[in-house]
Amino acid sequence: MSEAMFTANNLWILIAAVLVFIMHLGFASLEAGFVRKKNTVNILFKNAMIIGIGLISYCIIGFNLMYPGVNEGGFFGFAGFGLSMPEGAAGAIEYADGAYTYWSDFIFQAMFAATGATIVSGAVAERMKLNAFLVFTLVFVSLSYPMTGMWKWGAGWLDALGFYDFAGSTIVHSVGGWAALACIIVLGARKGKYTAKGIRAIPGHSMPLATVGVFLLWFGWFGFNGGSVLSADPILVSLVFVTTALAAAGGAIGAFFTSYAMFKSHDLSMVLNGILGGLVGITAGADLMSPTEAIIIGLIAGIIIPLSVVFFDRTLKLDDPVGATSVHLVCGIWGTLAVGIFGSAAGLGQLINQLIGIASVGVFTFAFAFLLIYVLKVTIGIRVEEEEEIQGLDLAEHDMQAYQEKEESFAFAME
Amino acid sequence: MSEAMFTANNLWILIAAVLVFIMHLGFASLEAGFVRKKNTVNILFKNAMIIGIGLISYCIIGFNLMYPGVNEGGFFGFAGFGLSMPEGAAGAIEYADGAYTYWSDFIFQAMFAATGATIVSGAVAERMKLNAFLVFTLVFVSLSYPMTGMWKWGAGWLDALGFYDFAGSTIVHSVGGWAALACIIVLGARKGKYTAKGIRAIPGHSMPLATVGVFLLWFGWFGFNGGSVLSADPILVSLVFVTTALAAAGGAIGAFFTSYAMFKSHDLSMVLNGILGGLVGITAGADLMSPTEAIIIGLIAGIIIPLSVVFFDRTLKLDDPVGATSVHLVCGIWGTLAVGIFGSAAGLGQLINQLIGIASVGVFTFAFAFLLIYVLKVTIGIRVEEEEEIQGLDLAEHDMQAYQEKEESFAFAME
Amino acid sequence: MSEAMFTANNLWILIAAVLVFIMHLGFASLEAGFVRKKNTVNILFKNAMIIGIGLISYCIIGFNLMYPGVNEGGFFGFAGFGLSMPEGAAGAIEYADGAYTYWSDFIFQAMFAATGATIVSGAVAERMKLNAFLVFTLVFVSLSYPMTGMWKWGAGWLDALGFYDFAGSTIVHSVGGWAALACIIVLGARKGKYTAKGIRAIPGHSMPLATVGVFLLWFGWFGFNGGSVLSADPILVSLVFVTTALAAAGGAIGAFFTSYAMFKSHDLSMVLNGILGGLVGITAGADLMSPTEAIIIGLIAGIIIPLSVVFFDRTLKLDDPVGATSVHLVCGIWGTLAVGIFGSAAGLGQLINQLIGIASVGVFTFAFAFLLIYVLKVTIGIRVEEEEEIQGLDLAEHDMQAYQEKEESFAFAME
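Residue numbers (my numbering), protein chains in the order written: chain A, 95 to 509; chain B, 95 to 509; chain C, 95 to 509.
Think of the hints as simulated: they come from the structure by calculation, not from any bench. Check each hint, because a few of them may be wrong.
Treat identical chains as interchangeable: a pair holds within one or across any two.
Derived DSS-like pairs (lysine-lysine); straight-line CA-CA distance at most 25 Å [claimed, not checked]:
1. Lys500 <-> Lys291
2. Lys285 <-> Lys500
3. Lys358 <-> Lys287
4. Lys287 <-> Lys500
5. Lys358 <-> Lys471
6. Lys291 <-> Lys411
7. Lys287 <-> Lys411
Treat the numbers as computed from the prediction; the structure is a model and nothing was measured.
The shape of chain A in the complex, shown without the other chains (with noise of 0.2 Å):
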């Protein structure tokens, strides 16, 4: 490959892994807009936290655990702590047929990686003892998500047996949905919420923050989907793009219609969802569908959002504050069966594949996050206690306030 074609590809993962980058801001302000005012300073502090300790555990274990190297087909496989750049320059350039780097694999692959946490993060807000989710960020994303990432990405047996998934349904949306399932399983649901009286809804403390929030994911998004195609190729990136956006519009279209028929009212967070969920549901094929395929499957995504927000909430009465199972969960599922059924691959063998995938990956990551939430249960415990919930996670764990309002009474007090 030419020095030119390696620069050109090369630079387009670099630039997507910043896209990617600030998908974390996008969690970060849609999950504090979500949540009350009292529990901001300890989501935007997670937040902070994830990207730190995902960085650096991917750097130390995930990395080699996802993309081993050896065993291909297989199960498991570890290539050692620690990043360790092929020999030379020439070694780097021959690195993944001189489409990019080892260095740029890596944070690429590294982005991605917290992403996992970050989506538990929401479902689990306004309860769960931040040195709890902190430990359990540090596992899931060093051991959890390379796993499972390693069956499909890094030539694993889901791989071996025709699994698709192009950047991540699966690999990475309905993994992070699935540990979240687990957590608030565990965790249970936030006091007050339901009740003798009946199930109370509470709203989120900052619309404008969640919808920053929503465009940021969808900007990085084009990075998400855009380069896992893993070169600059023109004409894959481009389609990519196209499948991406018009999946989001969808999305929100479907959502629109769909949450004011169910409440007869435009309710901005379900449209918010409807767009995301039409980006988690594009994200297995978005390399196999064409622009009518991409909004109906973005379209169904956004139908699927406020019915299963109202699933979860009322038939299963599991709290999830900010529809984070909804969106990375049931949409994630439901994107990857979506490359069975439309697109370039459709068919039944390739349905069944995708069945096959979605259900192991599902079982283990369920299992796993499942057994390391009970066991910090019953060790350093991970609910805070009722006062603190009461009095919100700010006060409690941070002896911060989110906003301060009385500044001018403070500054007068001061003479």
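Starting from the known structure of chain A, fit chains B and C onto it as the hints suggest.
Showing chains B and C alone in chain A's frame:
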């Protein structure tokens, strides 16, 4: 063209599309910051839907209306419904002389398309019915914007004439501005704005949100103008970056001094709109100007902003909560004229061509928007009820509030 | 160099410039979040004006002072006023050995230039006169920053000596930090900060805004450091991305543990400043470090942050509302020294060169800034009146408020 050049050119068009995408968050934040708290969810909701409606309608109709590929030098053309990639990989590469693929062309243009309606969104804020606005958006983005866009960028009659509009001072910004003007004339002012006691200033509810919006718009404008080179040509794209940045800086300086002279205070909203005015002003000729000319064009746009805002508000008594008509219409006209006055295309002949372009696009767009909003007025109605306007659109249309202030007492009440 | 390589290299410099641009929104958000509500418009206004003033003054004077193209190894040089592209297209391409155009060079460096003043902006917040600050910005960015910048990056005497500062731990960050230090010494603390009753913590008004700011700064830092490779060299740029990200992650972890040990709570502002400290710390040697060394440099920077913040606040009683001196000055010095301790350039000789660079730039910048702020103090005055400070700068200087809380009652009163 070599594969490497094709890849680099195409990559830039895609990245530019991502930058234009984030301008929608810029508009959403700016408009949300400039409206009252009680109408914040509504403006966020509109902006989330605009991008959804805009992308899908441009995919189905708009793109083929704007770039019909037939009828060169004409007034109207249509290449049929939906997207259809040129046959195979070769077709994709030969498309656009090898500078970018068909998909890249679509996604870059589609990100532009919704901008017209976004500009209207701010001007009609705080009093227009949501459904009427969404229907307006759908029809305007599907038909009006691509029609006049085709006159210039689709090789239509204005292009044949010699009208110059590099990245859309007229074709995008004044189009949005004319539509906004038609809408606010038909819609009328917000209640309490113009009373017997005088004209009330109605300040926006969050200057931080508005500021975030302006910086994001400036950020995205490097893609809006830089991508309009339609290749990664190093000299042209870098020159466009320089003129774009300097015009925005000039706009800040111009608005700073003018608004201080007028109001004897340092008005942040004027400086923010001055920056946007500078950006709109340079857009028509960003590839033709020297750095000094770019600063002058921006300075003049910055001087225009406070004068124009006061003229619309006090003289014409046209209520535009975000100053969209001053920024996009007046500075759009100024920037288009500036091509005939400054830079390498300056001259009387060019100036006349610019005037013809401004007038023809203006007459068509204003008439289209006026008729459309009038038809909506007499059919489904365009204005919310008086009590809804007083209560705020967030509760009236969305049954939500943008901010939850009192969750502590709520949580205690749960016990 | 081939056309395709030139195009790819140049494209990266331009994209890096866009990323550095958005750091100005990062600074604006961070500083706004860390000040009191009553001074929010003021800090946003300053940040909007800094980028305007910075770009234009760098265009007129600064760029030609910093890169005079003459007097190699010297102390001072000036290539004349304004921009002047090398003759024709060939000149633009031959410029900088074909890695980027003259315009790309200017815009990338211009985005850096305003950063120095932005750092000062936060430190002097809540008490400095707007006009005095803007004059300070103009003179400092026009003269002081480019002078010391020339010593290293303009092939001046520090460069000839062997001083190493890859992307500006000293040349950008500690320059801003020294200026901030001089200003807060001359300006004095905010009223009510240091009283007979003790030292008051004055918490910022919005942690979400501060968090958004830090994530945007991190996002932009990939352009700040990555673009400083001055080409799209795949190995170097990707290595710089890895070291930059890991140092920031290390900063988060270091500040997490240190601030918990010191304060027994999880202080979000310390973790946020820890991330920034890690980023400043890696900036001087981002191209020289291994991943492990990057983590260590970041960790140490993160440990430094809470210690330094407490030292400035409690020991020196120097009032710095956003911690700019700790982040930019102290971690800037640390990062510059780290080049002599870690990585491929480490050694006693290098360490001495680093010390000479730190000291010479520090002495010049501190003296320049001290003299400048002192002259402003005795001429136009630098401190707002006591009642203005109590009332808040937003009302005193801008006749505006950042937030409108009570629009409902206003609207009803209109009826």
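Against the structure, the hints:
Taking the shortest alpha-carbon separations for Lys500 and Lys291, only the inter-copy value of 21 Å comes in at or below 25 Å, while the best intra-copy value is 35 Å. Proximity of Lys285 to Lys500 under the C-alpha cut-off of 25 Å is restricted to the inter-copy arrangement: shortest distance 16 Å between copies versus 28 Å within a copy. Taking identical chains as interchangeable, the C-alpha atoms of Lys358 and Lys287 lie at most 25 Å apart only when both belong to the same chain, with a minimum of 23 Å there against 31 Å between chains. Taking CA atoms no more than 25 Å apart as the test, Lys287 paired with Lys500 passes between copies only; the shortest distance there is 16 Å, against 30 Å inside one copy.
For the homomeric pair Lys358 and Lys471, the shortest alpha-carbon distance between copies (23 Å) is at most 25 Å, but the shortest distance inside one copy (41 Å) is not. In this assembly of identical chains, Lys291 and Lys411 lie within 25 Å of each other by CA distance solely inside one copy; the values are 14 Å within and 52 Å between copies. For the homomeric pair Lys287 and Lys411, the shortest alpha-carbon distance inside one copy (9 Å) is at most 25 Å, but the shortest distance between copies (47 Å) is not.
In terms of the numbered hints stated before, the structure departs from none.
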